[in-house]
Amino acid sequence: MSETKETGPSEETGKKKVKMNLNRLEMPKQEPEVRRRNFDEVATGYTYEMTMEEASRCIQCKKRNCQQGCPVNIDIPDFIKHLQDGNIEAASKVLKAKTSLPGICGRVCPQELQCENSCTLNKKGAPVAIGRLERFIADWERTSGAVSKPELAPSTGKCVAVVGTGPSGLTVASDLAIRGHQVTMYEALHVAGGVLMYGIPEFRLPKEIVQREVQYVSSLGVDIHLDTVIGINYSLDELLNTKYQAVYLATGAGLPQFLRVPGENLNMVYSANEFLTRTNLMKAYLYPEYATPVKMGRKVAVIGGGNVAMDSARCAVRLGAQEVYVIYRRTRQEMPARLEEVENAEEEGIHFHFLCNPTGFISDGRNNVSAMELVRMKLGEPDASGRRRPVPIEGSEYTMDVDTAIISLGTSPNPLIASTTPDLETSRWGTVITDERGKTSKARVWAGGDIVSGGATVISAMGEGRRAASAMHEFLSQ
Amino acid sequence: MFPIVAHEELAPNVHRMTVKASVVAEKAQPGQFVILITDEKGERIPFTISGWDAARGTVDFVYIEVGKTTRQLGALRPGDELAHFVGPLGKPAEVDHYGHVVAVASGYGAAAILPVLRALKEKENRITTILQAPDRERAFCAEELEQASDRLILALGSPGEEMTVSATRPLRKILANHPQNPVHRMVVMGSLCLMRVISEMTRPYSIKTMVHLTPLMVDGTGMCGACRCSIQGKNRFACVHGPEFDGHEVDGWDVLMARRCTYADESILQQSFQCRGCSQW
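Just so you know, the protein sequences line up as chains A and B, in that order. For the record, in the first sequence the residue sitting at position 322 is 625 according to the working numbering, with numbers rising by one throughout. For the record, in the second sequence the residue sitting at position 275 is 269 according to the working numbering, with numbers rising by one throughout.
In isolation and in its complexed conformation, chain B is listed as follows (with noise of 0.2 angstroms):
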């Protein structure tokens, strides 16, 4: 059993959990996932790790209450158990010196893009961080993107029609002084519809834009194939051979967002995430 140490709340249906697993915080590294099980009952379930202390045998991630296991999770309090706790899975963020990052997040990524702009830092990037929020209630973890990067813009406002969002305006005004002040590499953590949106944005300036894919996902030790992608026409699963993929890469991102949706009828409680313009609604 893993029992919780800390759970907070970030914003309304949005909390942190901190689970004791020695044995995941021991090798996780940024951009890796998790995948628990509450209890014997329970379906697995991934999460992207946004902190761990290997010290303490601590790691963390951020979730939002979409759905039955969410809101289960929602219920526990520090002094409960998971059930299961495993990872780190996938394979880590690819981390170098690149120059100018901007990173684009939104929802969990907001939180899960933490370890991985720390690391960018680590290499002496500067990095620009645009935060996609529906207001400023809801911008969670703010002050920590802030720190980790030169600077945050926050993009508030909700989304609008055909899949135009709000973190889009900064990023064409930065992309508009693209290369006089040039942006070296993108990363991008999000819904599906954001990083491909980003992707398309990018894709005339050939700058590499990294995104975090979260199809479903089984077992995510690369034996279901339910996670499985289309990149460069060939099929990689996103629990070995990602998460992490180049968004210009990656094909068919319509029927990986129909994947996606495939039980939202039946576990997402919350209508919201039923995204205008998506295929599946």
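The shape of chain A in the complex, shown without the other chains (with noise of 0.2 angstroms):
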């Protein structure tokens, strides 16, 4: 079916007459059926011909909302036109300008929310697929070998730490490379990468990006240093007292939070990170090929409604999981998941239990989990967050049979570094604080991402990279 519609004057496209072209492309897919069983990527990523056609429908009206809807603002109306054009090569160079990381932000950004959210397209329901065209342009950059590198300002002689190599260290590395100062980056696993190794499967992000994008970062002058803990190797005053002019605190998400429930710490009740570390950074897929086993049950079901929850069900599923459950205690309205993987995940079989919470995990006897006694909830009035709070209603408790229960409810923040650094400011979440500019209260430390958010998404996460790399910019160039 398609649709054209006949815009009048506007005053995005100005006085012309413009069709709009509303069949915003599908991107193919692997099916639910034989995804279920692998673990490879679940979106096989536009063709170059779906490319060139999803690209013309970009009407580049003047306003450029999609770019202001962009946390690392990318020049979006100026790459799909190159991709108009034809000259991939040239789209790469301006997606390159303003991110380091194409292929990664193509798959995992809630673009929906963001620069397709203000797409002039949107309007009418259909904005450009601005997150494919980009993934695109990534993996055609990736595949023929010509990566493009911006020019690198002449060496300023300063000395930069970055503490972490999540996706927010990432972007400040880069960002702080390409102005000529030298980064040094630490990282406490035995890859880099962060949550985008460890915590997003492989299904939706797979790792061999990861890691090309991580030695793009690198071949800008940055050295990557692994093993490395932040507070135990070196304190942050010994970081600002030998080498380094500044620092960037970007560690991530931290110590995974529980329910407080009893039962709690059965065999066979995981963390959403200890299950996504094993399957994901460890490889646990690929056990005995790889060292890491996880074990997996039969029944299995995942406490909590955001992205990491989905994340951990799906990889229930290709784990062998006959049955997987996603149990939210509030409905489906205020999941925090984006829409896109909470209907790859139904499609997948995954069955969702709104309005329930549980209050109790049950042993079999020998302390493995057996069942888990649940409460069903309402909806009551609405909390600090603006989300109705869920209440229990009292006498619906009941239980339900399980073998696994994986527990995704958040995190809260790694004391190692203000544990040790006590003139860092924390939140009593323990969350470091920060200007708008990423700026903690400690003199020549900026800080962004999870560690200052509590959990919020990649991109999020590498926008504030983004604005405290031009305010350490800034302050190096003093």
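Be careful, since some hints might not be right.
[What the hints assert, rightly or not] Examples of chain B residues toward chain A, derived with CB under 7 angstroms:
(1) S16
(2) V17
(3) G36
(4) L150
(5) G216
(6) V249
(7) A252
(8) R253
(9) R254
(10) T256
(11) Y257
Treat the hints as calculated values from the structure; they're not laboratory data. Predicted model only: the values in this text are computed from it and were never measured. C-beta atoms are modelled at their ideal positions from N, C-alpha and C, and glycine is treated no differently.
Hints are included, so try docking the two chains, each in its own frame, into the full complex.
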């Protein structure tokens, strides 16, 4: 079915009448029955022809709402114009001027809330698929072998340490390297990439793509030190007192939160962090080729309604679970997960139980979980977050047999750095307090990403990195 | 890469490995641990540090061959390299002047407790150490423990029925003389079973008993929560809040022991690891 609409003269498009093509092209995906059995990427990406067709839908309006909707301010109309002209290399250069991680952003950004939400065509419900175009360009560049690099400013002689190699740290590192500063990154784990490696599953973000983009950042002259824990191997003060004029803290999410109900430590009750780290970072889905195992039962409950819960549920299906239930205490409307991921999960046969909350886990007598006690919930008055607070319905308790539970309730910040840096101001939740440009209470120290927000998206962590990098650059240029 | 500089067999299937890792050696303190990965397909596996030399930049640890990765380690020679080696992780053991300290060690603990004892000695504590081992051949580190202690008691013999262990006999004698010949503090490093039994023995006497918990870990830096333990009803992560805890505050030992064995059937090759009386078997 095809649909075109004539639009009258408008502010966005000038005087000329423009035909709007409202046929947003779907991206090909592996069939649910097939992808339930593998960890290969679910969405296989646009072909060249599809990219050209989708790019041609952009009306190049003057307002550039899409660019304003992008947390890292990518010149979206410009790269799409290059695509319309068939010049992918030029499109790639436009992308790379504002993001060093286009293959990642094109896959995991919630575009529907950002650039695509602001797209003029979204008024007709069919925004240009900006994320899919970005992904195509990044993949084209990676496979073409002709990786373009921006020109690096002459060396300033200034040294910067970036703590954590997740999306926020990588953004700061590349921004400052391009401006001529010598950047060293420190990573506690054995590979760089942070949540992009341990958290987001292979089928949503192939690890090879993450590693290529990490390599790109290091090709800008950034040193990456793995296996190094700041707060242990070097304190923040040691970094500031030795080599570095400035430090960016992007240590990420931290310690997983639990429900604090009886039986929560029984065997086969995982935190989402443990379950995903085993599965993604340690590649337990390839056990025994990779040495780390992950035990998976038959009937799995995932507690929580965010993207991490969706990732956990979808990994569980792929690891052979027969029934997977997402247990969320509010309703579908309040779920923080991306709609696209919820739909993917449903297609893969994952069941959703709304308005219920676990109150305990029951042992099989050998300290393995065998059932979960729940209570039904209803929505009450709005809480501080503006969402209606779920309240238990008295007398509605019930049990559900499960042999695996995955708790996905968010995290609280890792205390390692704050506890060894008394003059770093933190909130009562342990997150680092900064101004709007990432400056912390401590001289020469900036911070961003989940250590500041407490838990948000990859792109918002990158946006905070972008703002902090410009503030750090101003400071270093003084 | 982290080169192995020395590798010696202390007893059958028990080895001490010395690794060049100056960043770790520089900050190491008693009771802390490292996580290593043998190769890019390997697992992250924690070991308590048994010694270090900050000047030479080396760290050593003792391990028992029980599973896939420890077997792999056993085959490595000096000059070979480990892909990854990170530490010192966890909080250091609490060390102060207490008076008379009784230490109990078994297995890997015989080596891992040495830095703790030496630090306690520096604080002028009187140290009585009980080393539990199946027989004299497997009582490794006995000499070093003797040097680090005022008195070493060898408790030989296999663990018997219902978790009674040979270390309990000499400890019972020591506790019978308390408080005439007082025990001011206990430190225990060994199997979860042993640490639990010793904690229960000292509880009626209210002698502070520090145990070094060894739950399964994945990242070891506070991210995954695999190592969570219930301490006075609160979840604590052994990797960042421990691994040393007050044994009298540990609740849910059964669950802790069960969790420790989650993957025993897959990754532990030795039948003897499957303790009798444990709920998992």
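Practice problem: Mind checking the CB of A252 (chain B) against every CB in chain A and telling me if the closest is under 7 angstroms? | Solution: Status holds, d = 3 angstroms.
Quiz item: Does L150 (chain B) meet its interface restraint, that is, does its C-beta lie within less than 7 angstroms of any C-beta in chain A?
Solution: 31 angstroms, violated
Practice problem: Have a go at the R254 (chain B) hint: is there a Cβ in chain A nearer than 7 angstroms to its own Cβ? | Solution: It is violated, given that the least Cβ distance between R254 (chain B) and chain A is near 9 angstroms, above 7 angstroms.
Quiz item: Holds or violated: is the Cβ of G36 (chain B) closer than 7 angstroms to a Cβ in chain A?
Solution: 5 angstroms, holds
Practice problem: Identify whether the interface hint at V249 (chain B) stands, where standing means a beta carbon of chain A within less than 7 angstroms of its own. | Solution: 5 angstroms, holds
Self-check item: When the least beta-carbon distance from V17 (chain B) to chain A is tested against 7 angstroms, hint result
Solution: The hint holds - V17 (chain B) has a Cβ within 7 angstroms of chain A, the shortest such distance being about 5 angstroms.
Quiz item: Does the CB of S16 (chain B) sit less than 7 angstroms away from some CB of chain A?
Solution: Constraint on S16 (chain B) not satisfied, violated at 10 angstroms.
Quiz item: Does Y257 (chain B) pass the interface hint, meaning its C-beta sits closer than 7 angstroms to a C-beta of chain A?
Solution: 5 angstroms, holds
Quiz item: Under the criterion of a CB-CB separation shorter than 7 angstroms, is T256 (chain B) in contact with chain A as hinted?
Solution: 6 angstroms, holds
Quiz prompt | Minimum beta-carbon distance criterion (7 angstroms), R253 (chain B) to chain A | solution = Nearest chain A Cβ about 5 angstroms off; hint holds.
Quiz item: At a threshold of 7 angstroms, is the proposed contact between G216 (chain B) and chain A supported by beta-carbon distances?
Solution: 5 angstroms, holds
This entry does not satisfy hints 1, 4, 9, going by the numbered hints stated previously.
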